[in-house]
Amino acid sequence: AQSVTQLGSHVSVSEGALVLLRCNYSSSVPPYLFWYVQYPNQGLQLLLKYTSAATLVKGINGFEAEFKKSETSFHLTKPSAHMSDAAEYFCAVSALNSNSGYALNFGKGTSLLVTP
Amino acid sequence: DSGVTQTPKHLITATGQRVTLRCSPRSGDLSVYWYQQSLDQGLQFLIQYYNGEERAKGNILERFSAQQFPDLHSELNLSSLELGDSALYFCASSTGQGGTLAGGIGELFFGEGSRLTVL
Numbered sequence: 005a006q007s008v009t010q011l012g013s014h015v016s017v018s019e020g021a022l023v024l025l026r027c028n029y030s031s032s033v034p035p036y037l038f039w040y041v042q043y044p045n046q047g048l049q050l051l052l053k054y055t056s057a058a059t060l061v062k063g064i065n066g067f068e069a070e071f072k073k074s075e076t077s078f079h080l081t082k083p084s085a086h087m088s089d090a091a092e093y094f095c096a097v098s099a100l101n102s103n104s105g106y107a108l109n110f111g112k113g114t115s116l117l118v119t120p
Numbered sequence: 012d013s014g015v016t017q018t019p020k021h022l023i024t025a026t027g028q029r030v031t032l033r034c035s036p037r038s039g040d041l042s043v044y045w046y047q048q049s050l051d052q053g054l055q056f057l058i059q060y061y062n063g064e065e066r067a068k069g070n071i072l073e074r075f076s077a078q079q080f081p082d083l084h085s086e087l088n089l090s091s092l093e094l095g096d097s098a099l100y101f102c103a104s105s106t107g108q109g110g111t112l113a114g115g116i117g118e119l120f121f122g123e124g125s126r127l128t129v130l
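From first to last, the protein sequence lines are chains A and B.
Going from the first sequence to my numbering is simple: count from 1 and add 4.
Going from the second sequence to my numbering is simple: count from 1 and add 11.
Don't take every hint at face value.
Said to hold, decoys possible - Counterexamples of contact, computed for chain B against chain A with all Cβ distances above 12 Å:
1. P19
2. T31
3. L130
To be verified - In silico DSS-like links for lysine-lysine, alpha-carbon gap of 30 Å or less:
4. A:K112 - A:K62
5. A:K73 - A:K53
6. A:K73 - A:K112
7. A:K62 - A:K73
8. B:K68 - A:K53
9. B:K68 - B:K20
10. B:K20 - A:K53
11. B:K68 - A:K73
12. A:K112 - A:K53
13. B:K20 - A:K73
14. B:K68 - A:K112
15. A:K112 - A:K72
16. A:K53 - A:K72
None of these hints come from the bench; they were simulated from the model.
Yeah, the Cβ is synthetic: ideal placement off N, Cα and C, and Gly gets one too.
Let the hints inform the model, and build the full structure from the sequences given.
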């Protein structure tokens, strides 16, 4: 079964510093990977997705992620953190569930704190 | 605004009771997904419907059921509620039927959730 593991439930960075949120995947087939962001009291919003085209994927709000098959990783980065980036971030993989249907399997999430 | 509408936003009920959560997908989306978010379990996939038919099933308890109606809105029914059912329940929609081995899955658009508190 396809799954993802997010390393670090909480990450704290200073405003202007590099943001690095880690995600490793487990999949027996080429994975389709996603990063979603959840702001307080809101639903999840897609940041970016990897669907086997380019290994470096650019998303919204200056975020990007690189698919590394050798490391089974799909880490999310942003060169310079803004206060508005403080949120919960979820890595997800498209997974085959019962009844031969697909859904997204999410990691536990990483809470990003940005300090002035 | 994702275009996905969930009601109610907040619900407080007692153990043993039954509640119904409602979801209206984005205009044109045929698939509806239900997820449960709790502090200990994270985001858990419950069930998916595509154009009125069940398409995928995840970790959904037998006390829970869902359906999708001809107008494509969906309802999640939770019965014999327990304290542990307290969680945020999200609905998401997408245009496709949920992907294929080659095609994966498209973007999911999430509602703002329904927060259920069982006392």
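Hint check:
The beta carbon of B:P19 is kept farther than 12 Å from every beta carbon of chain A, the shortest such distance being approximately 14 Å. Chain A leaves B:T31 outside its interface by the beta-carbon criterion, the shortest separation being 19 Å against a cut-off of 12 Å. With a closest Cβ-Cβ approach of about 21 Å to chain A, B:L130 is found to remain outside the 12 Å limit, as its non-interface label requires. With a CA separation close to 23 Å, the supplied pair A:K112 and A:K62 stays within the 30 Å bound.
Between A:K73 and A:K53 the CA atoms are separated by roughly 15 Å; this keeps the pair inside 30 Å, and the hint holds. Between A:K73 and A:K112 the CA atoms are separated by roughly 21 Å; this keeps the pair inside 30 Å, and the hint holds. Taken as a hint, the A:K62 and A:K73 pair is honoured in the structure, with Cα atoms around 18 Å apart against an allowance of 30 Å. Taking the CA atoms of B:K68 and A:K53, the gap is about 23 Å. The hint holds against a cut of 30 Å.
For the hint pairing B:K68 with B:K20, the CA-to-CA distance comes to about 24 Å; that is within 30 Å, so the pair holds. For a cut-off of 30 Å, the pair hint linking B:K20 to A:K53 stands: about 28 Å separates their Cα positions. The straight-line distance between the Cα atoms of B:K68 and A:K73 is roughly 28 Å, inside the 30 Å bound, and the hint therefore holds. Between A:K112 and A:K53 the alpha-carbon distance is near 18 Å, which keeps this suggested pair within the 30 Å criterion.
With a C-alpha separation of about 40 Å, the suggested pairing of B:K20 with A:K73 is violated against the 30 Å cut-off. Of the supplied pair hints, the one linking B:K68 and A:K112 holds, its CA atoms being roughly 20 Å apart against a limit of 30 Å. Distance check on the hinted pair: A:K112 and A:K72 sit about 21 Å apart at the alpha-carbon level, within 30 Å; holds. About 14 Å separates the Cα atoms of A:K53 and A:K72, which keeps this hinted pair within 30 Å; it holds.
Checked against the numbered hints given earlier, the structure breaks only hint 13 and satisfies all the rest.
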